[in-house]
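Peer 1: The primary structure of each chain is shown beneath.
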Amino acid sequence: MATVTGVSVADEVPGPPERSPLSADGAGTRRLGDRLFGGAAQGAGILVIALVTLVGLFLLWQAVPALARNEAGFLTSREWTVSGDHPRFGIVELLWTTVVSSLIAMAIAVPVGVAVALFITQYAPRWLAKPAANLVDLLAAVPSIIYGLWGLRTFGPKYEPVQTFLQDKLGAFPLLSKTSVSGSGTVMFIGIVLAIMVLPIVTALSREVFAQTPVAHKEGALALGATRWEMIRTAVLPFGRPGVISASMLALGRALGETIAVTIIVSTLADQTVWSWSLFNGGETFASRIANNAQEFDSPQKAGAFIAAGLVLFILTFIVNAVARIVIERRKAFSE
Amino acid sequence: MSAADTAARAPSAPSGGQSSSGRPAGGRPAEPPPALGHPARVREARDLLASVVMWAAFALALIPLVWILWTVVSKGYHLLSEGQWWTNSQKGITSRREGGGAVHAIQGTLVQGLTTALISVPIGVMTAIYLVEYGRGRLAKAVSFMVDILTGIPSIVAGLFVYAVWVTTFHFQRVGFAVCLSLVLLMIPVIVRSTEEMLKLVPNELREASYALGVPKWKTIFKIVLPTAFSGIVTGILLGLARVMGETAPLLILGPYSKSIATDLFSGYMATLPTMINQDRTESLQPAVDRVWAAALTLILLVLLLNVAGRLVARFGSVKK
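So the sequences go chain by chain: A and B.
The opening position of the first sequence corresponds to residue -3 in the working numbering, with each subsequent residue numbered one higher.
The opening position of the second sequence corresponds to residue 237 in the working numbering, with each subsequent residue numbered one higher.
Worth flagging that the hints you see were computed from the coordinates, not collected in a lab.
Please note that a few of the clues may not be correct.
Derived Cβ-Cβ restraints for the label pairs, each shown as a range [as the list claims (entries may be wrong)]:
{"hint": "1", "chain 1": "A", "residue 1": "Pro121", "chain 2": "B", "residue 2": "Gly335", "range": "46 to 52 Å"}
{"hint": "2", "chain 1": "B", "residue 1": "Arg333", "chain 2": "A", "residue 2": "Pro61", "range": "31 to 37 Å"}
{"hint": "3", "chain 1": "B", "residue 1": "Ala378", "chain 2": "A", "residue 2": "Pro121", "range": "42 to 48 Å"}
{"hint": "4", "chain 1": "B", "residue 1": "Glu519", "chain 2": "A", "residue 2": "Ile322", "range": "26 to 32 Å"}
{"hint": "5", "chain 1": "B", "residue 1": "Ala295", "chain 2": "A", "residue 2": "Glu215", "range": "25 to 31 Å"}
{"hint": "6", "chain 1": "B", "residue 1": "Val288", "chain 2": "A", "residue 2": "Leu218", "range": "18 to 24 Å"}
{"hint": "7", "chain 1": "B", "residue 1": "Trp291", "chain 2": "A", "residue 2": "Pro153", "range": "24 to 30 Å"}
{"hint": "8", "chain 1": "B", "residue 1": "Gly373", "chain 2": "A", "residue 2": "Glu215", "range": "37 to 43 Å"}
{"hint": "9", "chain 1": "B", "residue 1": "Ala378", "chain 2": "A", "residue 2": "Gln297", "range": "31 to 37 Å"}
With the C-beta cut set under 7 Å, the calculated list includes, among others, these residues of chain A facing chain B [said to hold, decoys possible]:
{"hint": "10", "residue": "Val48"}
{"hint": "11", "residue": "Ile286"}
{"hint": "12", "residue": "Thr313"}
Every residue, glycine too, gets a C-beta built ideally from N, C-alpha and C.
In isolation and in its complexed conformation, chain B is listed as follows:
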């Protein structure tokens, strides 16, 4: 096959789709269309083979998804169907004992997630407004670049950074709020990017109509642009929330686990679903193992719920062009 391939490349002259495509001069110079010199049978066979490969790749990508969901659901569902999972904490429960619930962890995850959102949403949305409505020139380019870098910051580095500020510099304790700060770093870029996309979808005619009526720019943004893009922004926030709620790495450094319910973000340890899973992941005693899977299922449900909600909001309130 490969010998035939190289042999066939030589005779075919550059033509067709390639030369008119306006490709970069720096790219590979006009590569001859690869297979046009082959007999029809070979070309058809290759086309068929490619189709099969594409379908197979898609099927391959679905295997882990189905496998993971199946594993977590089948191992976790029976604890979730017990009432106490949703009402009790793990206070006083050891690895050998059955029982207890995850309400402390669910509550911690929600409290930390919402606090994170409260801080990151204003910053993220304002940054996006800056990029779309105000930003020109080098500062805007720099902001956009930094948002990209922030998107790529490993979560453990975000945790380390907050540790370096919060604990080693200011000598505060490791508390829930420190976790929120590190999660803010991870949530801001998600919100900026999604809000930015939505603001760009708002038709210019709307802004111009508003300006023409003498409405100042800030009021135009506030009353016309943001409401038009509202549902898209909400979607971005929900997806960002889903990302940070499932995050574990910063919590290892900043948010030690606790078995009882905690509501104070500024003192004491606060449990979350990821740290609850992490706490018992090495256990081999069955009650603890069951609880790990149940906590995993609870976390997946929470994250999926946010994702589905985000998509529904996007579908039913999208910007009309």
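One chain only, chain A, in its complex shape:
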């Protein structure tokens, strides 16, 4: 079943063994029609490979001239002056905000998402399981700009008192100290909103692998006298672990690249703001910095600087997604 979340493990489930005769070399693959059709199909596949490669190459090609003129360390500087003869820009702050907000999102979304997936596959009564899954999927259907709007105007004001309370009581910890940002546009808050946005991804994939736990494992555990929770801990969770890891990586990839919701919510910091480790600080992610300045791409050098930031984001998500893929690929070998 196609899901709204766009992620699925169905692809990875080993196909029926009789699949191989399908290569059907006997079925007249040398006819003109077959060569054309097969060629078109292969062409489409190659086009997909080419597209991804081109994305990387074009970004790199456009970023290099700007990077060459950059007078600050791209990976270490906090500055962001992209126009003029002496551009100085670096991504360290963007990297921090992007990674930290996504990690907060993961810290919330993974446990809750796994629990929801367990609820749907192991706990929910039969009549509720399907609607429950659909409802959670619905969260993925809500466009991200609406999360942003809701986060800024509705959720944010409700969250603010909690943040003030935490800052007052626990402000001694550097991670929770007070900053110049007064409203809800903090890294912590975008982490929470991102968690809601990626929750359906974690749930959708975890749900699929949990549902595939061999009945023999589950019944074995129950027959030995395990309670339902013990059965889940000894049979379902170990079986589903690669799926959960993979789901988390995919969700992480989504959180790292989320643009408009973050752009709307987060408070950008003025230049020269003193550095703070606080999660209650504002900041910008890669995506929101690019989005905030999208109207100002008027010179190749300016555009190049933002494209360089985009390239880093692309590489980051590429790695995360590749790891997700490898983890679930390895699982294939053990799932029978």
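Let chain A serve as the given structure and place chain B on it in line with the hints.
Peer 2: Chain B alone, transformed into the frame defined by chain A:
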């Protein structure tokens, strides 16, 4: 609790569900079944606690969904109930003035969505056909891997890529068609994955029967496999459409907002619902704020409509095993 937990782990011998489960040797080595050494009362209490946590997690996940839908509906519905919302554009309307509609944005979203679908559906479906019917070996693996990577590409990166090609390399203007190109990148993987799943559900007997009658492979795919999987493919397309229509990030870079109706994808600015929301999101004047929520509700309705349609198609025309 935790002290009791660690104490109890030691005595229980590895047994039962664990050892026969065929788990990877690389995973954690046979972890003793955690709680079997506990008195029954503790184990029951834990089981109950776990049940409560699971139900609570589900309830927690529903809160934002209900909250968002409620917010958008309650703040947006009254403008939608006015006729002019569906017939007028925002031409000549300032933030202070009430009135005007969203027809320019709705039209832009539909036009761009459909154009995107027209380009991505053939590519996506053909790629899926390749993966299921033809692809073997390393090329197929590479294609499958790249589809995964494409699934994970942030939408802003897709926008930046098209900007780098369309604007800085070819020096074209920022127009609707450029937006479509970036959305194509986001829609292809959705279509590939859903079509692939559906093609795999088509029973092999159907293909073999066709081959046995001497039908060539391409005709088998065209006349037997695709029609059998048709409804599933349509579902995938509708869900993909829903995803790209709600997408905002590439539009920020490539599709500046315009207040009037535009139909030309190749010149001038074209409004869409996401950019209409984005345009006025910082406004504090009430007429503009109302219109932002109304546009948000319109967008949600559109996306939900596509989702529901997709599910209905899937339910009533699914592949019979």
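Peer 1: Now look at each hint and say whether the structure bears it out.
Peer 2: Now for the hints, and whether the structure bears them out:
1. Here the CB-CB span from Pro121 (chain A) to Gly335 (chain B) is close to 50 Å, well matched to the stated 46 to 52 Å.
2. Taking 31 to 37 Å as the suggested C-beta distance range, the pair Arg333 (chain B) and Pro61 (chain A) does not conform, at roughly 46 Å.
3. Distance hint check: the CB atoms of Ala378 (chain B) and Pro121 (chain A) are about 44 Å apart, consistent with the given range 42 to 48 Å.
4. The given range of 26 to 32 Å is broken by Glu519 (chain B) and Ile322 (chain A), whose C-beta atoms sit roughly 46 Å from each other.
5. About 29 Å separates the C-beta atoms of Ala295 (chain B) and Glu215 (chain A), a value consistent with the hinted range of 25 to 31 Å.
6. Checked against the hint of 18 to 24 Å, the C-beta distance between Val288 (chain B) and Leu218 (chain A) comes to roughly 20 Å, which is consistent with it.
7. Checking the proposed 24 to 30 Å range against Trp291 (chain B) and Pro153 (chain A) shows it holds: the Cβ atoms sit about 29 Å from each other.
8. At about 39 Å, the CB distance of Gly373 (chain B) to Glu215 (chain A) agrees with the hint of 37 to 43 Å.
9. Checked against the given bound of 31 to 37 Å, the beta carbons of Ala378 (chain B) and Gln297 (chain A), roughly 35 Å apart, stay inside it.
10. The closest approach between the C-beta of Val48 (chain A) and any C-beta of chain B is roughly 5 Å, which is under the 7 Å cut-off, so the hint is satisfied.
11. For Ile286 (chain A), the suggested interface contact is upheld, since its CB lies about 6 Å from the closest CB of chain B, less than 7 Å.
12. A cut of 7 Å between beta carbons decides the hint on Thr313 (chain A): the least distance to chain B is about 5 Å, and the hint holds.
In summary, the structure is inconsistent with hints 2, 4 from the numbered list given earlier, while agreeing with the others.
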